[in-house]
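Residues per chain are reported as follows:
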Amino acid sequence: EAAVTQSPRNKVAVTGGKVTLSCNQTNNHNNMYWYRQDTGHGLRLIHYSYGAGSTEKGDIPDGYKASRPSQENFSLILELATPSQTSVYFCASGDPGTYAEQFFGPGTRLTVL
Amino acid sequence: GDSVTQTEGQVALSEEDFLTIHCNYSASGYPTLFWYVQYPGEGPQLLFRASRDKEKGSSRGFEATYDKGTTSFHLRKASVQESDSAVYYCALSDLATGGNNKLTFGQGTVLSVIP
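Protein chains in written order, with this note's numbering: chain F, 45 to 157; chain X, 368 to 482.
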């Protein structure tokens, strides 16, 4: 069964530290996305990718970098973590096209102290 | 830019009650509209979608009709069950902005159904 997995599922980091969140998909989808989920804001797009080697800025990219080394893997990198980046992060994959569904991973809960 | 507004942040109902969650959107093009549902501890999953005016999407007893005139896509269910307790997101995807399937989500509505 096609799936999107994320690691770690929970992470506690210190302010100023580097954090890497990983995502793997077996859907063979070209597009991958990183969102953060916050109460009152819903899901907001941070970065996305059209395929291996490509990354694009989403709606709230400041403080985040992304890396897509292969079709299957998409990472979100926080070079200098801040408490305001405490959130739940979701990765998703999907094919191009306005009708296409996005498939989400189970999420990573990040706490920055 | 595109936006989606869900009026209700939280809804508490008893089993067999009627559910309405309001969703209004703003988009420069002709978007596809979605409802996603998120159960505790999981990522969002697609409930259904609609891509043209007056089209009705439906799944698991939930339904919504695309209304271009009022820019709305309200979610309804005639009789909710405890198992429907979840977070519901209205979303849109608009190719007109070169979005390439990017989704814009509403704020989410937490539905709690009391047995």
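Keep in mind the hints are simulated off the structure, nothing from the lab.
Accuracy of the hints is not assured; some may be wrong.
Derived CB-CB ranges, DEER-like [unchecked claim]:
1. THR49/F <-> SER381/X: 34 to 42 angstroms
2. ASP384/X <-> GLU100/F: 36 to 44 angstroms
3. ASP106/F <-> GLU382/X: 21 to 29 angstroms
So these bits of chain X aren't anywhere near chain F, every CB distance computed over 12 angstroms [said to hold, decoys possible]:
4. ASP369
5. VAL378
6. HIS389
7. SER393
8. GLN405
9. GLU409
10. LEU413
11. ALA417
12. GLU449
13. LYS469
Here are some chain X residues the structure puts well away from chain F; computed CB gaps all over 10 angstroms [stated by the list, open to error]:
14. GLU375
15. ASP384
16. SER479
Don't be surprised by glycine CBs; every beta carbon is placed ideally from N, CA and C.
Do the hints match the structure? See the list:
Checked against the hint of 34 to 42 angstroms, the pair THR49/F and SER381/X passes, with Cβ atoms roughly 37 angstroms apart. Range check, ASP384/X to GLU100/F: Cβ separation about 43 angstroms, and the 36 to 44 angstroms hint holds. In this structure, ASP106/F and GLU382/X break the distance hint of 21 to 29 angstroms, their C-beta atoms being roughly 44 angstroms apart. Annotated as non-interface, ASP369/X brings its C-beta within 12 angstroms of a C-beta of chain F; the closest such distance is 10 angstroms.
For VAL378/X, the shortest C-beta to C-beta distance to chain F comes to about 15 angstroms, beyond the 12 angstroms cut-off, and the non-interface label holds. Listed as outside the interface, HIS389/X is consistent with that label: its C-beta sits roughly 15 angstroms from the nearest C-beta of chain F, beyond the 12 angstroms cut-off. Every CB of chain F is more than 12 angstroms from the CB of SER393/X (nearest about 15 angstroms), matching its label as outside the interface. Residue placement check: GLN405/X does not keep its beta carbon more than 12 angstroms from all beta carbons of chain F (closest about 8 angstroms).
For GLU409/X, the shortest C-beta to C-beta distance to chain F comes to about 6 angstroms, within the 12 angstroms cut-off, and the non-interface label is violated. The Cβ of LEU413/X does not lie farther than 12 angstroms from every Cβ of chain F; its closest approach is about 5 angstroms, which violates its non-interface assignment. With a minimum CB-CB distance of about 10 angstroms to chain F, ALA417/X fails to clear the 12 angstroms threshold, and the non-interface call is violated. Every CB of chain F lies more than 12 angstroms from the CB of GLU449/X, the least distance being 22 angstroms, so the non-interface label holds.
Not every Cβ of chain F is farther than 12 angstroms from the Cβ of LYS469/X; the closest lies at roughly 6 angstroms, contradicting the non-interface assignment. Once the 10 angstroms rule is applied to beta carbons, GLU375/X is consistent with being away from chain F; the minimum gap is 13 angstroms. No Cβ of chain F comes within 10 angstroms of the Cβ of ASP384/X; the nearest lies about 24 angstroms off, and the non-interface call holds. Against chain F, the non-interface label of SER479/X holds: every CB pair exceeds 10 angstroms, the least being about 15 angstroms.
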